[in-house]
Amino acid sequence: MRRSRSILSNIDTPTLLLYLSLVMIGWISIYAAVYNELHHSIFSMSQLYGKQLIWIIAGLVIGGIVLTIDSEFYTTFAYVIYGLLILSLLFVFIAGDEVNGAKSWIKIGGFSLQPSEFAKFATALVLSKFLSGINIKFNEFKAKAISLLIIAVPVMFILLQNDTGSAIVYGVFILVIFRKGLINGNILLFGLGGALIAILTLILRRSEFTWFDFTFSGSYLLMGILAIITLLIYYVLRKVKRSWLVCFGGLIIALGLVIGIDYFFDNVLKPYQVSRINITLGLESDPQGAGYNLEQSLIAIGSGGFTGKGFLEGTQTKFNFVPEQSTDFIFCTIGEEWGFLGTFITIALYVSLFLRLLFLAERQRSEFSRIYGYSVACILFFHFMVNIGMTIGLAPVIGIPLPFISYGGSSMWSFTILLFIFLKLDSDRLMVFR
Amino acid sequence: MRLDERKYVVGGIFIIIAFIYLIRLFYIQVINDKYKLSSENNTIKKVDIYPSRGVFYDRNGRLLVSNEPGYDIMVIPSQIKDLDTAKFCNLLGITIEDFRAKLEKANQGQWRYKPSVFEKGIDIESYGIIQEKLLYYPGFYAETSTLRKYPSFASHLIGYLGEVSPGMLERDSVNYYRQGDIVGWSGIEAYYENVLRGKRGTKLVLVDVFNNEKGSYANGKFDTTAIPGSSLNLTIDAELQKYGEILMQNKVGSIVAIEPSTGEILSLVSSPTFDNNLLVGKKRNKNFRELQLNDTLNPLFNRALQAKYPPGSIFKLVQALIGMEEGVITENFGAPCNKSLVGCHNHPMATNVKKGVQFSCNPYFYAVFKRVINQNKSSNYFKDTEIGLGLWNKHIETFGLGKRLNVDLTNVSSGGIPTPNYYDKIYGKGRWAYSTIYSLSIGQGEVEVIPMQMANLAAIMANKGYYYTPHVVKSIQEADTVSPLYYPKINTSVSSKYYDVIHEGMRAVVEEPGGTARRAKIDSITVCGKTGTAQNPHGEDHSVFIAFAPMENPKIAIAVYVENAGFGGTWAAPIASLMMEKYLTGEIKNKAKEERILKADIINRKNMQ
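Chains P and B, in that order, give the protein sequences.
For the first sequence, the numbering used here assigns the number 5 to the initial residue and increments by one for each residue that follows.
For the second sequence, the numbering used here assigns the number 346 to the initial residue and increments by one for each residue that follows.
Note that these hints are calculated values from the structure, not bench results.
Since the structure is predicted, the reported quantities are computational estimates derived from the model, not experimental observations.
Glycine is no exception: its CB is placed at the ideal position from the N, C-alpha and C atoms.
Any given hint could turn out to be false.
[Said to hold, decoys possible] One-sided and incomplete, this derived list gives chain B residues near chain P with beta-carbon spacing under 7 angstroms:
| hint | residue |
| --- | --- |
| 1 | F359 |
| 2 | A363 |
| 3 | Y366 |
| 4 | I368 |
| 5 | Q374 |
| 6 | Y380 |
| 7 | S383 |
| 8 | S384 |
| 9 | T388 |
| 10 | K390 |
| 11 | V462 |
| 12 | V519 |
| 13 | L623 |
| 14 | G931 |
[As the list claims (entries may be wrong)] Below, computed lysine-lysine pairings styled on BS3-like, alpha-carbon distance capped at 25 angstroms:
| hint | chain 1 | residue 1 | chain 2 | residue 2 |
| --- | --- | --- | --- | --- |
| 15 | B | K432 | B | K631 |
| 16 | B | K715 | B | K728 |
| 17 | B | K631 | P | K107 |
| 18 | B | K548 | P | K148 |
| 19 | P | K274 | B | K728 |
| 20 | B | K381 | B | K631 |
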């Protein structure tokens, strides 16, 4: 490799510009969220926006370092990086700090780091490394099992840290594996069907129905309907070979799902988790209790109107009605002060970034780079989907940050590393890594 | 589907989700208006501004009731963090149970996120200690309020405040009051509530989530200013009131003194009394319960207005006046002291009205009342009695008896004067005659009056036949105007010419040998009085005395009622004379008389020489 090249040559400019735009939107929003008349200096270190500026500058430095490191480094040391981060996840159990009920922070000097954030890019690296191996046959059970294990190990540790939100993010690797062909497309369809049945179960399981003198819960009603639908489908497909196996196998799985979810909700989930999910599904309304965050978030975004209340004019955010408004609920500030125009532009920037990343991934020669590119796009997308969905009531309240926009050093750096490794790989796309 | 085409699935998912989000955002931000209103509800708070309550001055311009700063401890339950309950209770001086109950109340529904009053009426001294430490209890903060400062006397008269009751809220047709508002519960505080409270103002302010004010909304365009309550100039003489309360210590009863020419109440004493400062602020409810339940002498009961007593012999004045007005007797009417009709004490024969009053001869008034009742207006004896009593009732009412005097205080009893109807109900129509009702002639039996009515009677005597409704507020004082209250002159049905002889008799009661109230004599002043000794079935007679002075130009009319103290001349008369002397001359010449009253402990029956 020619060392003399500037680290920015060959770097994909659109991606870099999208990244910088989002970071800037984030910093402006944080400034607005914590703004008060008493502190004018934008560099005040006592204020979150002052600190965020430091995280951003440090993030850019880290990004620069990532770009100077040879691409081969990431493929060669993928397992080592992964191993180190698993160790740091373990270390959290020994010397971690608890924040908001999740024991997932390590204190280093004056600031705290969240290893679970960094574990994402490590997992992406290892998964890419493993799946790009030449000897992998994707229909082999063993390959699937190992892929699953690579994802499951960090998930398990993060779950044990009580940080469910961060753990759920790893679910997005399913999309990566899907693209790679490791799972059948039907599985996605099955997954979709399963999710539909799950949501129906949640909606119906609390209601009771009376038919003549017979009272039964909504779960049984749903099971009955599923059985009838299956019979109808079977009747249509009765001539097709082995259709009975598919139909009745499917029915048994569906019924199991209904019963399982019922059980899961009553016996496994904690009350606050059940209630968050119920609020998202509109089954529960408790605007002053568990639904407070959502209600205030909707009020903030909704009151923004088409053009917003104007910079620093958002009463919801300025007067702290929205909780966690610099971190998880930062999107509220954008919605309130910049209105639909602001939210539209933000979403447009994100979607452009995701699609650009998919485009970059598809043009990779190296399988490793392509899989990693997909991982980056999918992880960012998942954060985007859950975080914004949460603020507008389309996803349960799960505390994960909005990439590049939410306040926080760990998330800023980890997303930067995640993205910039891919930018580096893309700049070397003519090479083939293993 | 080729593996390569799966990129479209992934990209499609990205686009579909983004598209759903944009539709949702368009809906909540542009189409739906609900959230814009909610945002205003969130941040625009209507703050009530409570004006200061009107203060009281006595008739000489002395400040009697004022306001001093107090503090309310507020709570926002959702913001309470790491609370050391025991320490906190200790700081506020409340019990843990109390704390739980209050928090429970504050923690209901949406109030979890809003401030509500946790502990009301902390006075400035206690707040000094609380203030510094309150910072360590997130979720709690203080708001300024005002507390009433009372003079520690005249408590019955002034009354006290309390939290508005559910019943009051229901009756409040204009919806002025809010739950938790402090309103007058009794006395002047209650009667003049509408004047004293002023007018509450409101302002719209922007608040943050912690309810901290962040400036006014729309530059105060929609704000209304609070109008302070009006002050009251009372008719009470603070010195006389205080003196009366001292005299009545260790006695049960009351004193009411009125300026006859105006109806202004100079003092209104009900004993035993209480200190209404005990009923201010956070200790109020505890003390209130204590006073209401645990004190057998019932100090909260205002005897001057609520206690119904038989008037006893003072009633004889009215009987003589009605007799003369009806023309059934003249001032020279004489009657023997026939003790077989009704018991009496030994005295020379009452040969005229003056002597009848002077000696308070029971058979004399038996005869007078009989002439009033049985005027042979019907040949049927029973019918005749009924007509006579009806006639008598008409006269009696004009003396302010048997009906509620419109005194500007709360809970004024109307007393009770029996009517033909009343006896019909008990005995049946045509089944009762003079022999049934003769006790009325000497103020016993079914007749009941309150001390206020007795004092008013004294004023009528002083005025020779008219009165002004007794009242305690002279004028209402706003920022720069004073509006005097107007009371009309009310005439009795008895011509003033008949009062001269009554004056003579009342003078003789005090001034002449054989008078029943020689103890009421004041050296420099001519006092007119009438004793009463009201029999009561529960124990020792009540000692009663009404009087006015000076005779020539009455400045004060007074009624004194001492429960279970015996003969009217022994206790009530000297107390009345001390009061009059104090009011008229400002000092007491006869120290021995004062000493005797001060020492006497009638409740425990000690020092009763």
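Right, here's what the structure says about each hint:
1. The beta carbon of B:F359 comes within 5 angstroms of a beta carbon in chain P, closer than 7 angstroms, and the hint placing it at the interface holds.
2. The beta carbon of B:A363 comes within 5 angstroms of a beta carbon in chain P, closer than 7 angstroms, and the hint placing it at the interface holds.
3. For B:Y366, the suggested interface contact is upheld, since its CB lies about 6 angstroms from the closest CB of chain P, less than 7 angstroms.
4. Among the interface hints, the one on B:I368 is violated; its C-beta lies about 10 angstroms from the nearest C-beta in chain P, farther than the 7 angstroms criterion.
5. Interface restraint check: B:Q374 against chain P, minimum CB-CB distance 4 angstroms, threshold 7 angstroms, status holds.
6. Here the hint on B:Y380 is kept, as its CB sits about 2 angstroms from the closest CB of chain P, short of 7 angstroms.
7. Nearest Cβ of chain P to the Cβ of B:S383: about 4 angstroms, under the 7 angstroms cut. The hint holds.
8. Interface restraint check: B:S384 against chain P, minimum CB-CB distance 3 angstroms, threshold 7 angstroms, status holds.
9. At its closest, the beta carbon of B:T388 sits 4 angstroms from a beta carbon of chain P; the interface hint therefore holds under the 7 angstroms criterion.
10. Hint status for B:K390 relative to chain P: violated, with the closest Cβ pair at about 10 angstroms, above 7 angstroms.
11. Using the Cβ-Cβ criterion of 7 angstroms, the hint placing B:V462 at the interface with chain P is not satisfied: the shortest such distance is roughly 19 angstroms.
12. Against a cut-off of 7 angstroms between C-beta atoms, the interface hint on B:V519 is violated, since the closest Cβ of chain P lies about 31 angstroms away.
13. A least Cβ separation of about 39 angstroms between B:L623 and chain P goes past the 7 angstroms threshold, and the interface hint is therefore violated.
14. With its C-beta approaching chain P no nearer than about 63 angstroms, B:G931 sits outside the 7 angstroms limit, and its interface hint is violated.
15. Of the supplied pair hints, the one linking B:K432 and B:K631 holds, its CA atoms being roughly 21 angstroms apart against a limit of 25 angstroms.
16. Note on B:K715 and B:K728: the hinted pairing holds, with a Cα-Cα distance of about 14 angstroms set against a maximum of 25 angstroms.
17. For the hint pairing B:K631 with P:K107, the CA-to-CA distance comes to about 49 angstroms; that exceeds 25 angstroms, so the pair is violated.
18. The straight-line distance between the Cα atoms of B:K548 and P:K148 is roughly 67 angstroms, outside the 25 angstroms bound, and the hint therefore fails.
19. Pair hint P:K274 plus B:K728 does not hold up; C-alpha atoms about 89 angstroms apart against a cutoff of 25 angstroms.
20. For the given pair, B:K381 sits about 46 angstroms from B:K631 by alpha-carbon distance, which is inconsistent with the 25 angstroms threshold.
In summary, the structure is inconsistent with hints 4, 10, 11, 12, 13, 14, 17, 18, 19, 20 from the numbered list given earlier, while agreeing with the others.
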